[in-house]
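Order-wise, the sequence lines are chains P and D. Start counting the first sequence at 407; every next residue gets the next number (this note's numbering). Start counting the second sequence at 16; every next residue gets the next number (this note's numbering).
These are computed hints drawn from the structure, not numbers from a lab. Check each hint, because a few of them may be wrong.
[Unchecked claim] Taking lysine-lysine and the DSSO-like style, the derived pairs with C-alpha atoms no more than 30 Å apart in a straight line are: (1) D:97 to D:17; (2) P:609 to D:84; (3) D:76 to D:241; (4) P:494 to D:237; (5) P:494 to D:204; (6) D:80 to D:204; (7) P:496 to D:241; (8) P:612 to D:80; (9) D:97 to P:683; (10) D:17 to P:501; (11) P:683 to D:80; (12) D:17 to D:235; (13) D:97 to P:612; (14) P:494 to D:241; (15) D:235 to D:112; (16) D:235 to P:496; (17) D:17 to D:134; (18) D:235 to D:47; (19) P:501 to P:702; (20) D:235 to P:494; (21) D:80 to P:609; (22) P:494 to D:84; (23) P:496 to D:237; (24) D:241 to P:612; (25) D:84 to P:612; (26) D:17 to P:496; (27) P:609 to D:204.
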Amino acid sequence: MVDLRVNLAGIELDNPVIPASGTFGYGYEFAELYDINCLGTFSFKGTTREPRFGNPTPRIAECSAGMLNAVGLQNPGVERTLSEELPKLKTCFHKPVMANVSGFSVEEYAYTCARLDKAEQVGWLEVNISCPNVHNGGMSFGVCPEAAAAVTRAVKAVTAKPVFMKLSPNVTDIASIAKACQDAGADGISLINTLLGMRIDLKSRKPLLANGTGGFSGRAVLPVALRMVYQVYEAVDIPVIGMGGVSSAEDAVEMMLAGATAVEVGAANLVNPFVCKEIIDQLPEVMVKYGIHSLKEIIGGAHHG
Amino acid sequence: MKQLLYTITGNRELVPGVWEMTLGGDTSPITKPGQFVNIQLDGFFLRRPISVCDWDRDSLKIIYKVVGKGTAAMSGMQPGQKLDVLSGLGNGFDTAKCGQRTAVIGGGAGVPPMYGLAKALLGAGKTPIAVLGFNTAGEVFYEEQFRNLGIETVVTTVDGSYGQKGFVTGALPRSYDYFCACGPLPMLKAVYSATTTSGLLSFEERMGCGFGACMGCSCKTKYGNKRICKDGPVLEKEEIIW
Chain P
407 MVDLRVNLAG IELDNPVIPA SGTFGYGYEF AELYDINCLG TFSFKGTTRE PRFGNPTPRI
467 AECSAGMLNA VGLQNPGVER TLSEELPKLK TCFHKPVMAN VSGFSVEEYA YTCARLDKAE
527 QVGWLEVNIS CPNVHNGGMS FGVCPEAAAA VTRAVKAVTA KPVFMKLSPN VTDIASIAKA
587 CQDAGADGIS LINTLLGMRI DLKSRKPLLA NGTGGFSGRA VLPVALRMVY QVYEAVDIPV
647 IGMGGVSSAE DAVEMMLAGA TAVEVGAANL VNPFVCKEII DQLPEVMVKY GIHSLKEIIG
707 GAHHG
Chain D
16 MKQLLYTITG NRELVPGVWE MTLGGDTSPI TKPGQFVNIQ LDGFFLRRPI SVCDWDRDSL
76 KIIYKVVGKG TAAMSGMQPG QKLDVLSGLG NGFDTAKCGQ RTAVIGGGAG VPPMYGLAKA
136 LLGAGKTPIA VLGFNTAGEV FYEEQFRNLG IETVVTTVDG SYGQKGFVTG ALPRSYDYFC
196 ACGPLPMLKA VYSATTTSGL LSFEERMGCG FGACMGCSCK TKYGNKRICK DGPVLEKEEI
256 IW
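Given only the sequences and the hints, what does the whole structure look like? Please build it.
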């Protein structure tokens, strides 16, 4: 028997597979297809203090082995998330869920996290300081160690739940930002958010996305994500959630070898809605194939010896 | 929605650049005209959402226009090939809302779902009237299929090379008590303004997932934010914000 369990900042997961924020809504669409309680947990749609419609459409553009999105944090706001989405989620998901939070000021991050701290269903806060699709917020906090630390401190002051800071790959030195978050009290690091990208329509000679730029994700970004998870694992002592291009059980194992305690799956959910269940189902076979008895043993395995 | 493997049983060009593909398999997830399927293609990351034109218990027809590399690849596919399809997506047209004399208005690549709708209305004992708009004579397809349903069918072309010259809005029936429309955005806007009754309009948008997860195709309506793929593609005239 193989052991898929991992411990994520004090909470045990049945397995390390976590659908990433923004690709899984609040889980309902997927709960119609399979029992989502098979997941380690999932990270729900990025939540802000106020409701947001997000960016104009088109918000999606295809790329080779990936896609661009510029959704722009569409969400019903933290109050409706607490009063409507979480009670509805309770009917189909019975494990602690990960609350993904975004904001446009340090105060806003703290406010939204303080509100979500009260929700019993929420196991972890994943604080997105890396959204590339909103202006004057989001990613601007994740590209500078001081700003990342300021958000971390403000959030840690208002919650007892483990806080994972979700980092942007659009930086020159990811390790310094991860380290700044750790020093400010973060319980873990999530990475990578999407890579800033663009596509241009040959006929109209204009960007395909109404927002101009968007976040690149999908299979193509896996090597970039692996490299950054590897670097961050070396720089910090807190757990890392690895994501970026993961679409198979082998990818998940590779991400854990790079240093991830748990693995988020993003764009792949949009193409194959069953992908997370399939990864969980295939992990035991892949583990046997590579002589892995317990997933806990392989975290950061690529760094040793 | 179900993820299914469909087998291509036919794939033919109706007019230059417009293809009709027949697929065999379980069609149980398709319950309303105007729903769509989302097709995975080898070598392409995102699926291709295509409206269902017609279906029975174990086969369905889709009609697609070659507009990019994905649809070009589809046009090269042969009978016997299998396709991974998310089937029965979107809300579709609610025929219960339609009147006895519903104007069924399709423009170009928006014509196909109106065929399934016309059939469903006939099946519900109603008398639909079809208005089909194209740019020019060489682009007209499915006129015969609509006529073979035994319904009044008017074809318009913008350049007047076939049927009535002009836009669909110039060929609306003298009397109708409801309308359903699918076509390019400018056509939908014109139909919205020209029609005097309630109606349903089917919208197109670039999609990520096609089943409501990614918020890639959101729009604002008077009834709140909606996802074209999950809460649409069919919206009520009264809720639309242009």
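Hints, verified against the model:
Taken as a hint, the residue 97 of chain D and residue 17 of chain D pair is honoured in the structure, with Cα atoms around 16 Å apart against an allowance of 30 Å. At most 30 Å may separate the alpha-carbon atoms for a hinted pair to count; residue 609 of chain P and residue 84 of chain D meet this at roughly 14 Å. With a C-alpha separation of about 27 Å, the suggested pairing of residue 76 of chain D with residue 241 of chain D holds against the 30 Å cut-off. About 24 Å separates the Cα atoms of residue 494 of chain P and residue 237 of chain D, which keeps this hinted pair within 30 Å; it holds.
Distance hint between residue 494 of chain P and residue 204 of chain D is unfulfilled; the C-alpha atoms sit about 36 Å from each other, more than 30 Å. Of the supplied pair hints, the one linking residue 80 of chain D and residue 204 of chain D holds, its CA atoms being roughly 22 Å apart against a limit of 30 Å. Between residue 496 of chain P and residue 241 of chain D the alpha-carbon distance is near 23 Å, which keeps this suggested pair within the 30 Å criterion. The straight-line distance between the Cα atoms of residue 612 of chain P and residue 80 of chain D is roughly 22 Å, inside the 30 Å bound, and the hint therefore holds.
For the given pair, residue 97 of chain D sits about 23 Å from residue 683 of chain P by alpha-carbon distance, which is consistent with the 30 Å threshold. Note on residue 17 of chain D and residue 501 of chain P: the hinted pairing holds, with a Cα-Cα distance of about 26 Å set against a maximum of 30 Å. A threshold of 30 Å between alpha carbons decides the hint, and for residue 683 of chain P with residue 80 of chain D the separation of about 34 Å lies outside it, so the pair is violated. Under the criterion of a C-alpha separation no larger than 30 Å, the hint pairing residue 17 of chain D with residue 235 of chain D is consistent with the structure, at around 27 Å.
Restraint check for residue 97 of chain D and residue 612 of chain P: not satisfied, since their Cα atoms lie roughly 36 Å apart, outside the 30 Å limit. Under the criterion of a C-alpha separation no larger than 30 Å, the hint pairing residue 494 of chain P with residue 241 of chain D is consistent with the structure, at around 18 Å. Taking the CA atoms of residue 235 of chain D and residue 112 of chain D, the gap is about 22 Å. The hint holds against a cut of 30 Å. For the hint linking residue 235 of chain D to residue 496 of chain P, the alpha-carbon distance of about 28 Å falls within 30 Å, and the restraint holds.
Taking the CA atoms of residue 17 of chain D and residue 134 of chain D, the gap is near 24 Å; set against the 30 Å cutoff, the hint holds. Proximity of residue 235 of chain D to residue 47 of chain D is assessed by CA-CA distance (about 24 Å); at most 30 Å being required, the pair is judged to hold. With a C-alpha separation of about 20 Å, the suggested pair residue 501 of chain P and residue 702 of chain P falls inside the 30 Å cut-off, and the hint holds. At roughly 23 Å between alpha-carbon atoms, residue 235 of chain D and residue 494 of chain P fall within 30 Å of each other, so this suggested pair holds.
Proximity of residue 80 of chain D to residue 609 of chain P is assessed by CA-CA distance (about 17 Å); at most 30 Å being required, the pair is judged to hold. The suggested pairing of residue 494 of chain P with residue 84 of chain D is violated, with an alpha-carbon distance near 40 Å, which exceeds 30 Å. Between the alpha carbons of residue 496 of chain P and residue 237 of chain D the distance comes to roughly 29 Å, so the proposed pair stays at or under 30 Å and holds. Proposed proximity of residue 241 of chain D and residue 612 of chain P is supported: the alpha carbons are some 26 Å apart, at most 30 Å.
For the given pair, residue 84 of chain D sits about 19 Å from residue 612 of chain P by alpha-carbon distance, which is consistent with the 30 Å threshold. Simply put, residue 17 of chain D and residue 496 of chain P have alpha-carbon atoms about 24 Å apart, close enough for the 30 Å limit, and the pair holds. Note on residue 609 of chain P and residue 204 of chain D: the hinted pairing holds, with a Cα-Cα distance of about 23 Å set against a maximum of 30 Å.
Hint compliance for this structure: hints 5, 11, 13, 22 are not met, and every other hint is.
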